[in-house]
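Asks: Chains A and B supply the protein sequences, listed in that same order. Under my numbering, the letters of the first sequence match residues 1 to 394, in that order. Under my numbering, the letters of the second sequence match residues 1 to 394, in that order.
Quick caveat, the hints were computed from the structure, so don't treat them as lab data. A hint or two may mislead.
Any copy, or any two copies together, can satisfy a pair, since identical chains are not distinguished.
[Said to hold, decoys possible] Once the Cα atoms are required to be at most 20 Å apart in a straight line, the calculated SDA-like pairs of lysine to any residue come out as:
#	residue 1	residue 2
1	Lys379	Asn308
2	Lys283	Thr249
3	Lys172	Lys283
4	Lys283	Thr78
Note that the structure is predicted; figures quoted are calculated from it, not measured.
Number of protein chains: 2
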Amino acid sequence: MTKGRNLWVRNIRPLGGEITDILILDGEIAETCTDVPETTEVLNGAGAIALPGLINAHCHLDKTRWGLPWEPHAAGPTRDERIAADREMRRGLMASTKERAAALAGHCAALGTSHIRTHVDVEPEFGLLAIEALLELSDEIADRVSIELVAFPQFGLVTNPGTAALMEAAIKLGASLLGGIDPSSIDHDRAGQLDAIFDMAERTGAGIDIHLHETAEEGAASLDMICAHTKALGMAGRVTVSHGFCLGTVDEKRLAGLINAMADAGVGVVSYAPGDSPVPPVKRLVEAGVAVGVGTDGIRDAWTPYGNGDMLERAMMLAYRSGFRRDEDIELALNAVIAGGAALMGLENHGLAPGCAGDMVLVNAETLADAVTARPSRKAVIKGGVNLMAASCL
Amino acid sequence: MTKGRNLWVRNIRPLGGEITDILILDGEIAETCTDVPETTEVLNGAGAIALPGLINAHCHLDKTRWGLPWEPHAAGPTRDERIAADREMRRGLMASTKERAAALAGHCAALGTSHIRTHVDVEPEFGLLAIEALLELSDEIADRVSIELVAFPQFGLVTNPGTAALMEAAIKLGASLLGGIDPSSIDHDRAGQLDAIFDMAERTGAGIDIHLHETAEEGAASLDMICAHTKALGMAGRVTVSHGFCLGTVDEKRLAGLINAMADAGVGVVSYAPGDSPVPPVKRLVEAGVAVGVGTDGIRDAWTPYGNGDMLERAMMLAYRSGFRRDEDIELALNAVIAGGAALMGLENHGLAPGCAGDMVLVNAETLADAVTARPSRKAVIKGGVNLMAASCL
Numbered sequence: 001m002t003k004g005r006n007l008w009v010r011n012i013r014p015l016g017g018e019i020t021d022i023l024i025l026d027g028e029i030a031e032t033c034t035d036v037p038e039t040t041e042v043l044n045g046a047g048a049i050a051l052p053g054l055i056n057a058h059c060h061l062d063k064t065r066w067g068l069p070w071e072p073h074a075a076g077p078t079r080d081e082r083i084a085a086d087r088e089m090r091r092g093l094m095a096s097t098k099e100r101a102a103a104l105a106g107h108c109a110a111l112g113t114s115h116i117r118t119h120v121d122v123e124p125e126f127g128l129l130a131i132e133a134l135l136e137l138s139d140e141i142a143d144r145v146s147i148e149l150v151a152f153p154q155f156g157l158v159t160n161p162g163t164a165a166l167m168e169a170a171i172k173l174g175a176s177l178l179g180g181i182d183p184s185s186i187d188h189d190r191a192g193q194l195d196a197i198f199d200m201a202e203r204t205g206a207g208i209d210i211h212l213h214e215t216a217e218e219g220a221a222s223l224d225m226i227c228a229h230t231k232a233l234g235m236a237g238r239v240t241v242s243h244g245f246c247l248g249t250v251d252e253k254r255l256a257g258l259i260n261a262m263a264d265a266g267v268g269v270v271s272y273a274p275g276d277s278p279v280p281p282v283k284r285l286v287e288a289g290v291a292v293g294v295g296t297d298g299i300r301d302a303w304t305p306y307g308n309g310d311m312l313e314r315a316m317m318l319a320y321r322s323g324f325r326r327d328e329d330i331e332l333a334l335n336a337v338i339a340g341g342a343a344l345m346g347l348e349n350h351g352l353a354p355g356c357a358g359d360m361v362l363v364n365a366e367t368l369a370d371a372v373t374a375r376p377s378r379k380a381v382i383k384g385g386v387n388l389m390a391a392s393c394l
Numbered sequence: 001m002t003k004g005r006n007l008w009v010r011n012i013r014p015l016g017g018e019i020t021d022i023l024i025l026d027g028e029i030a031e032t033c034t035d036v037p038e039t040t041e042v043l044n045g046a047g048a049i050a051l052p053g054l055i056n057a058h059c060h061l062d063k064t065r066w067g068l069p070w071e072p073h074a075a076g077p078t079r080d081e082r083i084a085a086d087r088e089m090r091r092g093l094m095a096s097t098k099e100r101a102a103a104l105a106g107h108c109a110a111l112g113t114s115h116i117r118t119h120v121d122v123e124p125e126f127g128l129l130a131i132e133a134l135l136e137l138s139d140e141i142a143d144r145v146s147i148e149l150v151a152f153p154q155f156g157l158v159t160n161p162g163t164a165a166l167m168e169a170a171i172k173l174g175a176s177l178l179g180g181i182d183p184s185s186i187d188h189d190r191a192g193q194l195d196a197i198f199d200m201a202e203r204t205g206a207g208i209d210i211h212l213h214e215t216a217e218e219g220a221a222s223l224d225m226i227c228a229h230t231k232a233l234g235m236a237g238r239v240t241v242s243h244g245f246c247l248g249t250v251d252e253k254r255l256a257g258l259i260n261a262m263a264d265a266g267v268g269v270v271s272y273a274p275g276d277s278p279v280p281p282v283k284r285l286v287e288a289g290v291a292v293g294v295g296t297d298g299i300r301d302a303w304t305p306y307g308n309g310d311m312l313e314r315a316m317m318l319a320y321r322s323g324f325r326r327d328e329d330i331e332l333a334l335n336a337v338i339a340g341g342a343a344l345m346g347l348e349n350h351g352l353a354p355g356c357a358g359d360m361v362l363v364n365a366e367t368l369a370d371a372v373t374a375r376p377s378r379k380a381v382i383k384g385g386v387n388l389m390a391a392s393c394l
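Chain A extracted, bound-state conformation (with noise of 0.2 Å):
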């Protein structure tokens, strides 16, 4: 990773507060703008506002045919469709994993994101190539976006034989947690999946995200049963559920049991703010003290058409999904891209405080719900103290 360098950006407003100052020395936010170094190099944000670094807690940089010609979309409307056309898609493009994913990264890395968790396929006929490509990438492209990658069992643990193994090995190789899909419905084998991956993350040290589609009373058993898990390894903190379907499929007090039950386990939740699949109740998530975050999920890929990285319109589809109008329910949206991302992935440093690490966007707008609902073009995006829109990093 390239060392992060000295930066005075002047004359912001972070996150949409009084205009300001902020000192970026070696990389991080120092504590005051007292001993600028002489070379140290200026921006002028002129009255921009400053936001941390923004987090997008769940992709597939792997799957992505970003960058290629236009395909049309192929699958048949079921999830298991989408994971046979996506299967049948990466046979041809395995190969350009790493490429196809830098195309991205890069993309989402000049529109502010700093962070980026991505799930990456782990299954005996691709082996490890996905994540040995994306674990280059991550080394390669660290100093515009940090990559964190999930050994990611799309086609099933327990009903895929040598997928286990080969996450344990991905694990080893660098991933940073163990990913899980549907047990009930996938693997029809709630508890084999569950047992297997929290016994893997038990012996590794992994952290844990599981992809969550189960609907209704499917999904809320093994939401339940993730909680139970989460609480007796005592993984707090470190277990997240992506999707969560369930929670905006089940009745009022399955509900308010499960939120209970999350925020007593630390268990947090990932949403992509689907169009035409239930979004979780945000609000009241948050309230409760879950963590939430925001993904893209897929972005061009056999699943989807959509996408095109920017995490502010990611927070404003958020919102936009919750019916959020208020001022203070849209900043919900937008810390999810921000705090509740860096919750999910344990970014103790994420933030615009003293001693966080100098990741930055700048935005021209009034106010923070005006730059969700806006989404205007990055003014400067700065990752470790380097301005990426400066001339010499383009």
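Using the hints provided, position chain B relative to the given structure of chain A.
Replies: Frame of chain A; chain B shown alone:
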């Protein structure tokens, strides 16, 4: 209205088809490109996709705060609280109606919107002030965007004495359509409001566009009555239902009946692709022969902080909310901002065929679905044969 000019638009792909040229003569698309007058300006599309002018079939230009400082959303979560907040805001802003509407309409024009149907509040307290402002604007801005007015009883018709007379006066002044709103839940007199509107339409020759937020059976009963009145008066093709939330909230049997009734009567529907309200089943409606348009609804006003006036983004949102992933489905959503809107607005010369108005948008995209999902910046916006993005127009 400024008379259209001549423009030779070269190397474009009309609606994503084969590369070709289109000649606009005196603001109208010519039969062929064989007799190009010597002084004709040339615009090289360099392979861009050409779309007809985009149609915003439901807007509230008079309500917008576009161009004003950010104002946090003040209304409570119900329709009636939003109406109250709107009335309060309007009291302070009535004098700047034309200026505010002009700022937003100009912005929409720059994004390729060639036609806007705007609902304009008509109410005893404010009289015809907003109608007069919008009629003036419509005239002054016609060389950039065509604006059609609906005389809209936002605050009730039957329950707001004097409103009906003002609506009829608005039509005499130049508004094209009579509006309506939730006859059962706003006026508590379904037949009373609808009878009044259709009687007025018969007397004045105006079209009709009725806001229908009412859900489930309440909305379905209103929609039934609108279809029956439309059929009785032979107003096929001249009646629109806006929002039509009920189409997303009734059971299958009721839905099928409503769609049949709409197709039979010639009643169209406009959605703004809401984030947290039901979206009508676009594909079924289109397949049944119902005209489906898309609007922005209000943009940055007392009702909502969202919106940027981009009709490609509205098409994306309609597709995203409808779960459309296949190209042909995404094209349905795009068609709603083109031919669907044109059908609702009775624009017979809209499109890219010879004889059509020289309204066109150029975007760099591979396919139509690519144009919708990516919403690229506009490479050129042509209105009546004039490139609005030419240096002389900026």
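Asks: Are the hints correct? Go through all of them and say.
Replies: For each hint, the structure was consulted:
1. Lys379 x Asn308: both (18 Å within a copy, 19 Å between copies)
2. Lys283 x Thr249: This pair counts as within: shortest intra-copy Cα distance 16 Å, inter-copy 25 Å.
3. Lys172 x Lys283: neither (37 Å within a copy, 49 Å between copies)
4. Lys283 x Thr78: between (29 Å within a copy, 18 Å between copies)
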